[in-house]
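Chemist: Here is how the chains run, residue by residue.
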Amino acid sequence: MTQTNFESKNVVPSSIAQVGIITKYTFLDYVRSRRFFIMLTITALISVLLTVLVGYYRPAGFLTSELGFYSSWWGTSVTFVIILSGIFFGGDAISGEFQNKTGYFGVSNPIRRSSIYIGKWIAAFIASIAILGVFTAVTLGNGLYYFSGVPSQFGESLLFALLYLVAVLGFTFFFSSLFKSSSMSILLTAILFLFVFTLIQSLVAGLVQIEPWFILTYGSQIIGNVLTSPYPLHITTTSLRPGGGGPTLTTYNATIPEGLAIMAIYFAVTAVLGLILFERKEFN
Amino acid sequence: MSLPFKQPPRIGWEEEITMPSIEAVNLTKQYGAFTALSDLNLKIEGTKCVGFLGPNGAGKTTALKMFTDLIRPTKGEALINGVNVHTEKRKALASVGTLIETPEIYSSLTPREALTMIAEIRGIPHAERKKRVEDIVAELRMEEWIDKRVGKFSKGMKQRICIASALLNDPTVVLLDEPTTGLDPRGMSEVRDIIKALKGKKRLIFMSSHILSEVSDVCDEVAMINHGKLIIYDTLPHVTAKFSGGNNVVEVGLLRPVDSQIVTQTIAAMPDVVTAEKIDDKDLKISFSGGLEVQERLLNDIVKLNIGVVSYKAASSELEDVYLKLITATL
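Respectively, the protein sequence lines represent chains A and B.
Following the working numbering, the numbering of the first sequence begins with 65 at its first residue and continues without gaps.
Following the working numbering, the numbering of the second sequence begins with 70 at its first residue and continues without gaps.
Rather than coming from a laboratory, the hints here were simulated on the basis of the structure.
In this text, a Cβ means the ideal position worked out from N, Cα and C, and glycines have one as well.
Among the hints, erroneous ones may be present.
[Claimed, not checked] DSBU-like cross-link-like pairs, simulated, lysine-lysine; straight-line CA separation at most 30 Å:
#  : chain 1 : residue 1 : chain 2 : residue 2
1  : B       : Lys265    : B       : Lys112
2  : A       : Lys165    : B       : Lys394
3  : B       : Lys224    : A       : Lys88
4  : B       : Lys298    : B       : Lys347
5  : A       : Lys88     : B       : Lys199
6  : A       : Lys165    : B       : Lys265
7  : B       : Lys351    : A       : Lys88
8  : B       : Lys298    : B       : Lys271
9  : B       : Lys160    : A       : Lys244
10 : B       : Lys117    : B       : Lys271
11 : B       : Lys199    : A       : Lys165
12 : B       : Lys354    : B       : Lys382
13 : B       : Lys373    : A       : Lys165
14 : B       : Lys270    : B       : Lys117
15 : B       : Lys221    : A       : Lys244
16 : B       : Lys271    : A       : Lys88
17 : A       : Lys165    : B       : Lys144
18 : B       : Lys268    : B       : Lys394
19 : B       : Lys354    : A       : Lys244
20 : B       : Lys265    : B       : Lys200
21 : B       : Lys268    : A       : Lys165
22 : B       : Lys199    : B       : Lys117
23 : B       : Lys268    : B       : Lys298
24 : B       : Lys221    : A       : Lys88
25 : B       : Lys394    : B       : Lys373
26 : B       : Lys271    : A       : Lys244
27 : B       : Lys117    : B       : Lys144
28 : B       : Lys265    : A       : Lys88
29 : B       : Lys347    : B       : Lys373
[Claimed, not checked] To spell it out: a stretch of chain B is covered by chain A in this simulated footprint if at least three of its residues, at any positions, have a beta carbon under 8 Å from a beta carbon of chain A; those stretches are:
#  : segment
30 : 163-171
31 : 180-191
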């Protein structure tokens with residue numbers, strides 16, 4: 065086969081530069097989209113609700129100690145904000161390229177599919193960070209209003225939350241690569257994160273008494289647990305009968321290294337699988 | 070049925086390295102037991118416009134998608150300028166403009182932003198980007214929409230932006246899949262003019278279309294496929310000469326029923342008329358050999374018969390006749 069030397073007059077940028085281009089325009093599309101404003105509104109509503117409830121009822125769990133405040137406020141809500149961001153920005157990020165045919169506009173250019181995938185992932189991450197930033201700012205604002213300082217554990221929790229966001233987006237992008245229907249990928253991702261993972265985690269731990277180390281939401285426990293002092297025991301067995309004896313309930317709490325490993329592995333595995341799926345998927 | 074197949078004469082190697090080309094080598098696509106494209110071997114090189122014809126489901130879009138890496142070949146290779154699209158996509162598509170189906174654009178972006186994104190991906194220098202985007206948008210008569218969000222656009226408007234995207238980097242090879250789909254008559258005419266202008270700029274254009282008059286108007290060569298197989302590839306004059314017998318057909322509309330004898334004896338006997346037949350009581354179909362002069366003389370002669378001629382139009386193009394013959398033969 066004779067290969068011609070018919071070169072383009074333009075020099076196609078490197079794949080890394082193309083990742084940046086995709087990130088820039090996808091992020092622009094995200095922040096102007098209705099879903100970004102819906103997500104922002106949901107976050108604002110959660111923040112306002114917590115602010116009003118804590119301000120009006122002054123619950124002891126929130127106001128007894130600095131750490132207790134952050135544990136109750138941040139530890140219980142931030143994973144929900146992260147999951148919603150993952151669903152909103154990652155749920156149909158790849159499936160939408162097929163169903164909405166936006167892929168035909170981008171993929172048929174001199175660009176690797178992996179550049180598109182990574183660029184879209186980074187854009188979704190930045191958009192989610194913006195949402196998370198709003199929630200973090202409101203949390204800190206209220207925390208500083210009621211207490212003078214911010215506990216060092218909050219910094220750790222924030223870093224764990226960012227890692228959880230990375231893992232959630234990795235998973236949602238992978239799931240999005242499995243389907244060609246946007247609604248299907250969004251719906252299934254939402255059901256998994258909001259119900260199925262929690263249900264499996266409870267069933268496996270409570271009934272089978274196996275540590276649910278293979279569930280992402282189990283690993284995310286460290287975001288809230290790091291804000292409790294002392295850190296919860298890894299395994300707790302409680303008797304269900306008053307006075308002891310009889311059946312017992314075993315509760316598992318992910319240790320910090322374990323939680324970090326679960327989130328990192330989830331991200332690594334789903335990112336690779338998602339990329340492979342997108343590379344192989346056809347625009348039929 | 071075996072149909073004649075002729076590749077246009079190959080150009081010399083010295084020219085080959087400077088001419089844009091697209092080539093399918095045993096290109097095959099199977100979906101389970103269904104073969105969408107079967108061993109397509111086709112080499113197109115030079116600067117010209119080639120029409121890619123075939124009925125729905127023939128494999129046209131499948132082939133074009135393999136030339137743009139939207140789908141992978143089951144077997145064979147799709148080469149652009151000698152570079153394998155699947156294994157070296159960035160190099161193969163560096164100087165290619167594509168429009169496959171009707172792509173959607175991120176709805177929150179404006180045409181300026183969407184086209185700038187493509188310009189950046191394709192490496193158009195920063196200093197040229199703004200002008201290039203504005204020029205191509207103006208060429209497609211979309212200036213007043215350049216800063217409006219694409220989400221509000223009609224299908225035709227989106228199609229224009231996608232055509233603009235395909236032509237943005239002044240590509241040497243242009244792959245178009247039914248480029249006038251969704252456009253109004255003025256838009257269709259403008260796109261045809263753009264394609265003709267591209268031919269003038271020494272580009273290789275490979276376009277699929279169902280509109281045979283469009284192909285006749287803008288293309289130099291045609292490739293026809295059916296059931297995933299190439300049935301002919303040749304220059305337009307060769308194809309029409311070979312399969313249509315060189316005849317043109319006109320339809321004549323009459324005010325009142327006409328006597329069959331006038332048709333079969335008087336009109337059929339006129340100079341250059343090959344056949345004359347009644348479609349119904351008030352409509353005739355006349356096949357003749359010759360060009361527009363013959364067509365004009367024929368009209369005058371028929372009017373002189375005073376049979377109530379109220380309309381007189383070309384019934385079908387030569388290409389349409391050839392298309393129907395070849396496609397029917399391969400059913």
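Chemist: With reference to the structure, classify each hint as holding or not holding.
Modeler: Structure-based check of all given hints:
1. B:Lys265 / B:Lys112: holds, 21 Å
2. A:Lys165 / B:Lys394: violated, 35 Å
3. B:Lys224 / A:Lys88: Judged against 30 Å, a Cα distance of about 26 Å means the pair holds.
4. B:Lys298 / B:Lys347: Not satisfied, since the Cα-Cα distance of roughly 37 Å exceeds 30 Å.
5. A:Lys88 / B:Lys199: This hinted pair holds, its Cα atoms lying about 17 Å apart.
6. A:Lys165 / B:Lys265: holds, 28 Å
7. B:Lys351 / A:Lys88: Distance ~65 Å between Lys351 (chain B) and Lys88 (chain A) Cα, so the pair is violated.
8. B:Lys298 / B:Lys271: With Cα atoms ~29 Å apart, Lys298 (chain B) and Lys271 (chain B) stay inside 30 Å; holds.
9. B:Lys160 / A:Lys244: Holds, because 28 Å separates the two Cα atoms, which is no more than 30 Å.
10. B:Lys117 / B:Lys271: Between Lys117 (chain B) and Lys271 (chain B) the Cα gap is close to 7 Å, so the pair holds against 30 Å.
11. B:Lys199 / A:Lys165: holds, 26 Å
12. B:Lys354 / B:Lys382: holds, 10 Å
13. B:Lys373 / A:Lys165: violated, 58 Å
14. B:Lys270 / B:Lys117: Holds. Lys270 (chain B) to Lys117 (chain B) sits at ~10 Å (cutoff 30 Å).
15. B:Lys221 / A:Lys244: holds, 24 Å
16. B:Lys271 / A:Lys88: violated, 35 Å
17. A:Lys165 / B:Lys144: holds, 25 Å
18. B:Lys268 / B:Lys394: holds, 29 Å
19. B:Lys354 / A:Lys244: Not satisfied, since the Cα-Cα distance of roughly 50 Å exceeds 30 Å.
20. B:Lys265 / B:Lys200: holds, 22 Å
21. B:Lys268 / A:Lys165: holds, 29 Å
22. B:Lys199 / B:Lys117: holds, 29 Å
23. B:Lys268 / B:Lys298: Cα-Cα ~27 Å, so holds.
24. B:Lys221 / A:Lys88: Given that 30 Å is the threshold and the Cα spacing comes to 22 Å, the pair holds.
25. B:Lys394 / B:Lys373: violated, 34 Å
26. B:Lys271 / A:Lys244: violated, 39 Å
27. B:Lys117 / B:Lys144: holds, 28 Å
28. B:Lys265 / A:Lys88: violated, 35 Å
29. B:Lys347 / B:Lys373: The hint holds at about 18 Å.
30. 163-171: holds (count 7)
31. 180-191: Result for this restraint: holds, n = 7.
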